[in-house]
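Please build the complete structure, drawing on both the sequences and the hints.
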Amino acid sequence: MAGAGGGLRVWGSLVLLGLCSWTGTRATAPNPVRNLTVGTQTTSSISLSWEVPDDPQNSTYRVQCTGDCGRTETQTTTDTNITVDGLKPGSLCTCSVWVEKDGVNSSVETVTTATVPNAVRSLSRQDGTNSSITLRWTAPQGPGQASYTYWVSLIGEGMTDPRTQNTSDTELILKELEAGLLYHLTVWAERNEVRGYNSTLTAATAPSEVTDLQNKTQTKNSVTLWWKAPGDPHFQLYVYWVQWASEGHPQRGQYPRANWANQTHRTNETQYKVEALEPGTLYNFTVWAERNDVASSMQSLRASTYPDAVTITSCVSTSGGYGVILTWSCPQGGYEAFELEVGGQRGSQNRSSCRKGVSVSGLGPAQSYPATITTIWDGMRVASPSVTCHTESAGVIAGAIVGILLFLILVGLLFFFLKRRNKKNPQKPELRDLVFSFPGDILAEDFADHVRKNEKDSNCGFADEYQQLSLVDHSQSQTVASAPENNGKNRYRNVLPYDWSRVPLKPIHEEPGSDYINASFMPGLRSPQEFIATQGPLPQTVGDFWRLVWEQQSHTLVMLTNCMEAGRVKCEHYWPLDSQPCTHGHLQVTLVGEEVMENWTVRELQLLQVEEQKTLSVRQFHYQAWPDHGVPSSPDILLAFWRMLRQWLDQTTEGGPPIVHCSAGVGRTGTLIALDVLLRQLQSQGLLGPFSFVRKMRESRPLMVQTEAQYVFLHQCILRFLQQSAQAPAKKEVIYESVENLIYENVAAIQAHKLEV
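Going by the numbering used here, the final residue of the sequence shown carries number 762, and the count climbs one at a time with no gaps.
Hints are computed from structural coordinates only; laboratory data are not their basis.
Only a predicted model underlies this, so the values are computations on that prediction, with no experimental measurement involved.
Hints are supplied without guarantee of correctness; some may be wrong.
[Stated by the list, open to error] As a list, the in silico DSS-like pairs of lysine-lysine whose alpha-carbon atoms are at most 25 Å apart:
(1) Lys511 <-> Lys619
(2) Lys511 <-> Lys494
(3) Lys461 <-> Lys361
(4) Lys458 <-> Lys701
(5) Lys494 <-> Lys575
(6) Lys221 <-> Lys233
(7) Lys278 <-> Lys233
(8) Lys494 <-> Lys233
(9) Lys494 <-> Lys278
(10) Lys221 <-> Lys575
(11) Lys221 <-> Lys278
(12) Lys575 <-> Lys233
(13) Lys458 <-> Lys361
(14) Lys221 <-> Lys494
[Said to hold, decoys possible] Derived Cβ-Cβ restraints for the label pairs, each shown as a range:
(15) Asp504 <-> Thr222: 19 to 25 Å
(16) Glu659 <-> Ile178: 46 to 52 Å
(17) Thr222 <-> Gln728: 45 to 51 Å
(18) Asp132 <-> Asp504: 42 to 48 Å
(19) Thr222 <-> Ile642: 37 to 43 Å
(20) Glu181 <-> Gln534: 46 to 52 Å
(21) Gln534 <-> Ile513: 21 to 27 Å
Ideal placement from N, C-alpha and C gives every residue a C-beta, glycine not left out.
As structure tokens, this is what we get:
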């Protein structure tokens, strides 16, 4: 009987030896253990259990585990369970159990199992948006080069069931999340079908950004901002941060709260009044939403405070009673120019005229005149308190002169000569006569002298001309642009088209304001509507922009800004990035091809009206070397760009007016339109009038040629053109031909896509 221990008894006799019998014993192998199973597993141990053999008689059990987990010493036990220690985490093991009795082993029972992987290390939130969270971690401590499957489970506020997904990488982007929501995240490693220990983290998605940030009201010391809350489910739990800094003091840091100066404030409302500001100062305002210490993307706005009003310190009658001398204090903060009004007469003075006497002539003697001085800054005007100026009595002066002439002719003659000397040598040279005039057309041969004259004393002449341009009437009606339904369509609140010159869109049924876009017809050399000046599209107006192109049947777009400048969005990227079309309403836009050069890019676009199945070819000339509020580094580069553009316009006589835009559609846009018109006027008439034409443009759209530097640069470009014209003409065909050769590379892709549609 197996395992009984009595052996097998044999009887026999050996007569030769005289023996009667011989007896011997021999043990048989014991039965193996039954139902070997794995119990508790940890990172360094495995528990095993089994049932006793069929013939239990005080058996001794031997246990050994081998494999990736490391070979262990054979362990001995009389129990039917054991915990094997000293194993490697996350490793595969083969564990063997057998019975030993009287030095004889049973057959071996084996089971394959694995230890538990360690928890992942350094779990952290790396990045996130309003719909995603990026997690990163380090592999668990364990065998080198081990491969794991990682599981990530998340459950957010209001969720009943967790969401789980896996990856083999140590980084995962969790997508399609709700904005501004807190999530509880669990990450664990799995290897050999054994789940490791959990690592947990709490992280939140960013709120969506605020929209329609506006400068609602402003004074000389405050600006009230207003914005729309994000359309997130939990927006009522958001707080908002408002940050501001004066122009020239850029905000630092990637995270918006990196700069903890006095320029940051928190509010629970969707509006905030920023106070204690300097008058006449341009500020950058930034607003973002926050929840769970996670900030949304920022929305920015540039706005100025109103300038300070001056105080008229004196108004003294001039000798003879036909004029007065006005003196006023310099206002606090920024100011560009002053406008004087005395007795109905108006005139401008540059910013250096404060604290100096300004002579106003042409008044009547023995009269009283109300006088005001208006401070001008960034298109805003603030009038001083009115004072009353009195002129002297001419009769008293005349009687005194007659008496002197009758009684003492010599004294009268002496007075006459003294008057003449006083005219040649005035006692108060700082007094400045008020001039109500502006330059007219200038002959080509006189233009260089005109520029040199105005460049003297740090462009003093240009400064005087530009300040007179600020007096162009800004009070024209802007009712449509100011309508509430159109507020969100304007990139800048102080750049609104006039009602009479705006470009209307075809209205869409039951959509108030659908006929509005921030665009104006602009005069040229041959037509009062030769160009269209417009702002760079906003995300919500890209469709309107392409409606403008289609309805005007314009074949030419001129873009004078980059989409991002100095970290700020200046224009939405409104054309396709590649040959894949973009659809805006009933219009489909396709990029056919492009030619990229050092300072500009030329793109060929095709516009398809899906309902009518009609197409329009559009060429976009994108000049990329013109800084906002600044000027290009050299007139030569812009003139080369203009020649290429003008060659195209001369060949493209059909269709609507060219559409020109920068960010606001006034500074760079106005400078290029003026350059084109004035150079053509110079070529056809031999004269030109920069001042007159810029003034004419400003009557159609405010702030055209936005800065004095741009006004000076316009003159420098014209002067350089005259200098180049005196030299041998350069080849102009190469650039244009290279554009033509590449511009139609993608026509086949366009046609193929149309067949699919």
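The hints, checked one at a time:
{"no.": "1", "hint": "Lys511 <-> Lys619", "in the structure": "holds, 18 Å"}
{"no.": "2", "hint": "Lys511 <-> Lys494", "in the structure": "holds, 16 Å"}
{"no.": "3", "hint": "Lys461 <-> Lys361", "in the structure": "holds, 21 Å"}
{"no.": "4", "hint": "Lys458 <-> Lys701", "in the structure": "holds, 24 Å"}
{"no.": "5", "hint": "Lys494 <-> Lys575", "in the structure": "holds, 14 Å"}
{"no.": "6", "hint": "Lys221 <-> Lys233", "in the structure": "holds, 12 Å"}
{"no.": "7", "hint": "Lys278 <-> Lys233", "in the structure": "holds, 15 Å"}
{"no.": "8", "hint": "Lys494 <-> Lys233", "in the structure": "holds, 14 Å"}
{"no.": "9", "hint": "Lys494 <-> Lys278", "in the structure": "holds, 23 Å"}
{"no.": "10", "hint": "Lys221 <-> Lys575", "in the structure": "holds, 21 Å"}
{"no.": "11", "hint": "Lys221 <-> Lys278", "in the structure": "holds, 9 Å"}
{"no.": "12", "hint": "Lys575 <-> Lys233", "in the structure": "holds, 20 Å"}
{"no.": "13", "hint": "Lys458 <-> Lys361", "in the structure": "holds, 24 Å"}
{"no.": "14", "hint": "Lys221 <-> Lys494", "in the structure": "holds, 15 Å"}
{"no.": "15", "hint": "Asp504 <-> Thr222: 19 to 25 Å", "in the structure": "holds, 23 Å"}
{"no.": "16", "hint": "Glu659 <-> Ile178: 46 to 52 Å", "in the structure": "holds, 50 Å"}
{"no.": "17", "hint": "Thr222 <-> Gln728: 45 to 51 Å", "in the structure": "holds, 49 Å"}
{"no.": "18", "hint": "Asp132 <-> Asp504: 42 to 48 Å", "in the structure": "holds, 47 Å"}
{"no.": "19", "hint": "Thr222 <-> Ile642: 37 to 43 Å", "in the structure": "holds, 42 Å"}
{"no.": "20", "hint": "Glu181 <-> Gln534: 46 to 52 Å", "in the structure": "holds, 48 Å"}
{"no.": "21", "hint": "Gln534 <-> Ile513: 21 to 27 Å", "in the structure": "holds, 23 Å"}
In terms of the numbered hints stated before, the structure departs from none.
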